[in-house]
Amino acid sequence: MLFHTLDFAVFLPTVFLLYWFATQGDRKTQNVLLVCASYIFYGWWDWRFLSLMLLSTLVDYSVARALSSQKGIIIRKGLLGTSILVNLGVLGLFKYHGFFIGEFSQGFSFMGQEIKAGSLNIILPLGISFYTLQTLGYSIDVYRRKVEPASDFVAFSAFVAFFPQLVAGPIERANNLLPQFYGERRFDNGKAVDGLRQMLWGLFKKVVIADNCAPYVNMIFANPSEYSGSTLVMGAVLFAVQIYCDFSGYSDIAIGTSRLFGFELKRNFAFPYFSRDIAEFWRRWHISLSTWFRDYLYIPLGGSRTGRLTTLRNTLLIFIVSGVWHGANWTFVAWGLLHALFFLPLVLLNKNRVHLGIVGEGRWFPTLSDLVKIGVTFALTVMAWIFFRAESINHALSYFSGIFSVSLFSFPDFIPKTVILFSVFFLAIEWLGRGQQYAIEILTINSGRPIRWGVYLGLVLTIFFFYPSNPQEFIYFQF
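Reminder that position 244 of the sequence shown reads as 302 in my numbering, one-by-one numbering, no gaps.
Incorrect hints may have been included.
List time: in silico DSS-like cross-link candidates among lysine-lysine, alpha-carbon distance up to 27 Å [as the list claims (entries may be wrong)]:
1) K204 with K86
2) K249 with K324
3) K324 with K204
4) K249 with K86
5) K431 with K409
6) K324 with K86
Simulated DEER-style distance windows between Cβ atoms [claimed, not checked]:
7) P237 with L76: 17 to 27 Å
8) I416 with G361: 21 to 31 Å
9) S427 with D210: 51 to 61 Å
10) I521 with L112: 27 to 37 Å
11) R411 with E499: 22 to 32 Å
12) N408 with P526: 44 to 54 Å
13) R202 with L414: 23 to 33 Å
Derived from the structure by calculation, the hints contain no laboratory data.
Where is the CB? At the ideal position from N, CA and C, for every residue including glycine.
Take the sequences, apply the hints, and build the full model.
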C-alpha cells in the first residue's frame with residue numbers, strides 16, 4: 059500500500075479512529091490493532107510474504123528470550139548466530155540468489171564453459187532489507203545486554219511490523235521504539251498536528267518533486283546516447299533531486315504518521331545536500347542505515363581504534379556493504395566504492411569530523427567558502443548517483459562518456475521548466491528550514507494563523523494540481 063494513494067487515504071483514518079476510540083486507551087488492545095493493521099498494510103501488496111515477516115519475528119523473539127536465560131558464552135554465540143543465519147539467509151535468498159547464479163554462469167562462460175544455471179524467479183519482498191536489519195539489531199543488542207528481551211510477543215510483533223516505517227524505514231533501534239509499545243499512550247493534539255504537517259511536506263516532496271522528475275530522469279537515462287552532455291548533466295541532477303525527495307518524503311510521512319499514534323521515530327535525513335564534505339553527507343543521509351552499519355559492523359571490526367590501516371579497511375568495507383545492501387548489481391558496489399574514494403582522504407587527513415554543525419547557522423546566506431564546499435560535495439554525490447541509477451557498469455560508463463564530450467558546453471536539449479522551478483523553490487525552503495527537524499517548520503511553527511494556513515493550502519493545492527497521472531512507487535521499495 060502506497061502512502062500517496064486512495065487506499066492509504068482510507069486506511070489511515072480508519073486505523074486512527076479505531077486506535078483512539080475503539081480501544082478505549084487500552085495499551086494491549088492498541089498493540090493488537092497495530093499488528094493487525096500493519097499486516098494488512100504489508101499484505102495489501104502480496105499476502106504471501108507475511109510469512110517471512112512472521113518468521114523473522116518468531117526467530118528473533120525466541121532467540122532473545124533464550125539469551126536472557128543463558129550465561130554460557132558458547133550457547134549465547136550459537137543463539138546469536140542462529141538469528142544472523144536466519145535473517146541474512148532469508149535476505150540473501152530473496153535478494154541475491156539471482157545475482158550469484160548469474161555471476162557463476164558468467165564466470166564459467168568466460169573460461170569457455172557454458173553452464174545453464176537454473177533460477178527460482180523469486181520476487182523480492184517489499185521492505186525485507188529494512189525489517190531484517192531492525193530485528194537483527196534487536197537480537198545483537200540483547201546479546202550485548204544493552205536491551206532487555208521483550209516478554210510481550212504482541213508488543214514485539216508491533217515493533218517489527220509497525221506499518222509507517224515497515225517498508226522503507228527509518229530502521230529503528232529496539233531501545234528507542236520497543237519501549238514505546240509498553241507504555242500507555244494518550245492522544246496529544248500538538249504531536250498530531252505536527253505529524254500532519256510533516257506528512258504534508260513529505261507528500262509534497264514525493265508527489266510534486268520526485269514523481270514529476272521521474273519521467274525526465276527515466277527518458278534521459280534510457281537513451282543517454284541521444285542527448286547532449288549538458289542534458290545528461292541535467293538528468294543526473296534531476297535524479298539526485300528525485301531520489302532525495304522520494305526517500306526523505308517517505309521518511310517524513312512515516313515519522314508524521316507515527317506521531318498520529320503517539321510514537322516518535324528517529325530522524326532519517328538532515329538536509330544532506332547542504333553538506334560541506336562527504337563525511338558530513340553521510341551523517342545527514344539515510345541516518346538510520348549509516349548508524350546501523352557503524353554500530354553493528356564498523357565498531358565491532360575495530361572502528362578507528364586500532365590503527366590507520368584498520369580504519370581504512372573498515373571504512374572501505376562499510377561502503378562496499380552499503381552498496382551491496384542496496385541491491386544485487388555491480389553498479390551499487392561501484393557507487394559504494396566511489397563514496398569510499400571520496401571519504402578516505404578525509405580519514406587520512408583527520409578531517410572527517412570537521413563539519414558537525416549547521417551550515418551558515420544564524421545567516422541568511424552561506425559564505426563563499428561554504429558555497430564552494432557544498433557545490434563540490436553535491437557534484438561528487440551526483441557523479442556517484444549515476445552509477446546508482448544506471449542499469450549496468452557499461453550503462454554508467456556510456457553515460458559519463460556522453461557527459462564529457464563537446465556537447466557538455468551546449469544548451470540542454472530541453473528544459474523541464476516546471477520541475478526546475480519547483481526544485482528551486484523546494485531547495486530554498488530547505489535552506490531556510492535547515493535548522494529544523496523538517497523544512498516547513500520554519501514557515502509554520504512561529505507564524506500567525508493566516509500565514510500558517512496559507513502554507514498548508516498552497517501545498518495541498520499544489521499536490522492536487524500536480525499529482526502525476528502515473529504515481530511512482532517509492533524508489534527504496536526495491537531495496
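Hint-by-hint comparison with the structure:
Between the alpha carbons of K204 and K86 the distance comes to roughly 25 Å, so the proposed pair stays at or under 27 Å and holds. Taking the CA atoms of K249 and K324, the gap is near 15 Å; set against the 27 Å cutoff, the hint holds. The hinted pair formed by K324 and K204 meets the criterion: a straight-line CA distance of about 18 Å does not exceed 27 Å. Proximity of K249 to K86 is assessed by CA-CA distance (about 22 Å); at most 27 Å being required, the pair is judged to hold.
A distance of roughly 13 Å separates the Cα atoms of K431 and K409; the hinted pair therefore holds under the 27 Å criterion. Pair hint K324 plus K86 holds up; C-alpha atoms about 23 Å apart against a cutoff of 27 Å. In this structure the hint that P237 and L76 lie 17 to 27 Å apart at CB holds, the actual value being about 23 Å. Take I416 and G361: their Cβ atoms lie about 26 Å apart, and the range 21 to 31 Å holds.
Look at S427 against D210: about 53 Å separates their beta carbons, and that is inside 51 to 61 Å. Checking the proposed 27 to 37 Å range against I521 and L112 shows it holds: the Cβ atoms sit about 36 Å from each other. Range check, R411 to E499: Cβ separation about 27 Å, and the 22 to 32 Å hint holds. Distance hint for N408 and P526: a CB-CB separation of about 46 Å, consistent with the stated range 44 to 54 Å.
Distance hint check: the CB atoms of R202 and L414 are about 27 Å apart, consistent with the given range 23 to 33 Å.
The structure is consistent with each of the numbered hints, conforming to all of them.
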